[in-house]
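Chemist: Chains as they are written, first to last, in the working numbering: chain E, 4 to 162; chain H, 4 to 162; chain C, 4 to 162.
Think of the hints as simulated: they come from the structure by calculation, not from any bench.
The list makes no distinction among identical chains, and a pair is therefore deemed to hold if it is satisfied within one copy or across any two copies.
Simulated pairs of lysine-lysine, DSS-like, Cα-Cα distance not exceeding 30 angstroms:
{"#": "1", "residue 1": "Lys74", "residue 2": "Lys61"}
{"#": "2", "residue 1": "Lys74", "residue 2": "Lys134"}
{"#": "3", "residue 1": "Lys134", "residue 2": "Lys96"}
{"#": "4", "residue 1": "Lys83", "residue 2": "Lys95"}
{"#": "5", "residue 1": "Lys59", "residue 2": "Lys96"}
{"#": "6", "residue 1": "Lys61", "residue 2": "Lys96"}
{"#": "7", "residue 1": "Lys59", "residue 2": "Lys95"}
{"#": "8", "residue 1": "Lys83", "residue 2": "Lys59"}
{"#": "9", "residue 1": "Lys119", "residue 2": "Lys78"}
{"#": "10", "residue 1": "Lys119", "residue 2": "Lys59"}
Below are the chains, spelled out letter by letter.
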Amino acid sequence: MAKKTIIVFSGEYDRLMAAFIIANGAAAMDDDVTMFFTFWGLSALRRTTPSGPPSKQKSGLQTAFSAMLPKSTEKAGLSKFNFGGAGRFMMKKVMKAENVMTVAELLATAREQGIKLIACTMSMDVLGISKEELIDDIEYAGVATYLGEADEANVNLFI
Amino acid sequence: MAKKTIIVFSGEYDRLMAAFIIANGAAAMDDDVTMFFTFWGLSALRRTTPSGPPSKQKSGLQTAFSAMLPKSTEKAGLSKFNFGGAGRFMMKKVMKAENVMTVAELLATAREQGIKLIACTMSMDVLGISKEELIDDIEYAGVATYLGEADEANVNLFI
Amino acid sequence: MAKKTIIVFSGEYDRLMAAFIIANGAAAMDDDVTMFFTFWGLSALRRTTPSGPPSKQKSGLQTAFSAMLPKSTEKAGLSKFNFGGAGRFMMKKVMKAENVMTVAELLATAREQGIKLIACTMSMDVLGISKEELIDDIEYAGVATYLGEADEANVNLFI
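Full structure from sequences and hints, please.
Modeler: Below, the structure is given as structure tokens:
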């Protein structure tokens, strides 16, 4: 049993798929896995409806920024050939036919397998995302925590 | 002698160059190198003309997706400043003047040096790419194989 | 004390932030850190005004390419939601309010902390960037040097 860490910087559907497939694969092989969600990757941890009013007042700019992020990973675009969502729609159709899991399903599996999901607090500040907008049972931390985890891991990826 | 793995997720010309230059550099230093091509990175392994009819019938959506992928790495765009191919054209001109290898030449060198090239089978399903469309003498595998290789390596990159 | 390496391939403001925050965090924890700037990442090392005439004559294509690169990291766009610079402007406003350092400040900190900054000479040739256009006190090297550093490190990222 070894440890793996993945920094999830990107919020695109295909990159989130890659991140979760690697993470779930490692967890299935009994690895200890930590995913550190930062910048656009934070959108993977968004909940559909906030759990309550934001604990911190957003500035106008933060409101604008967080409004641009997809409300759900299932609405995230592809990094290529997205065509205003048509590419993602097509890819998801094929995935269903080929029995490939969606990002929402991959996230659920990651949680079932006990993968540690960490939201980067500095990115939350910059993008104006409050804890109430993110799913439950995740951790909140900064770069020092990530580095501590990475020091113990034998595979560390930035996606 | 150590081992290196590179996940080649991106299909852009500049990112493919970076991936192959690192891989070839490591192989030249007697490292054991594995490149795992997934999603758009699979386009680096496409052959100009298929070796035969596809072994698996493509759905309409898979046909559309695979039609969007560049037919050859030498037609892949840059991740920045591509301008409909003008950026790549310019970069290749300068590369020639500076004696920098093209991606096609880098791939040939990778094969000569015995770098292990693996095509991700799940991505092939999602993007509708059949074995007949990819070059010979590569391996086909999934995330478990990648993780096994990465566990033995001291440098693992995601490009 | 361990060693970390980061290949900085991307020149976007948000990715440069991520690279420097990880690097500075590791250096603050007494790690030995090497950042290898290649392709678009080289723009992070540009000086505002050249230190002198270029030591090497640029071809027309090289001039065109280097003219497209941002003259300063503070002018680099975001990888998402840039909107012709409006996204970066907004993000920098929020960063100031939240006391998050700009890329220019992060670079200054990296230098103070003794992080080794290496410019990739092959990329400089391809993009037509001369030493006179880059900041002082950096090193110039190629992929073999990077691989030597990575072999000694326990965390190696490609950003």
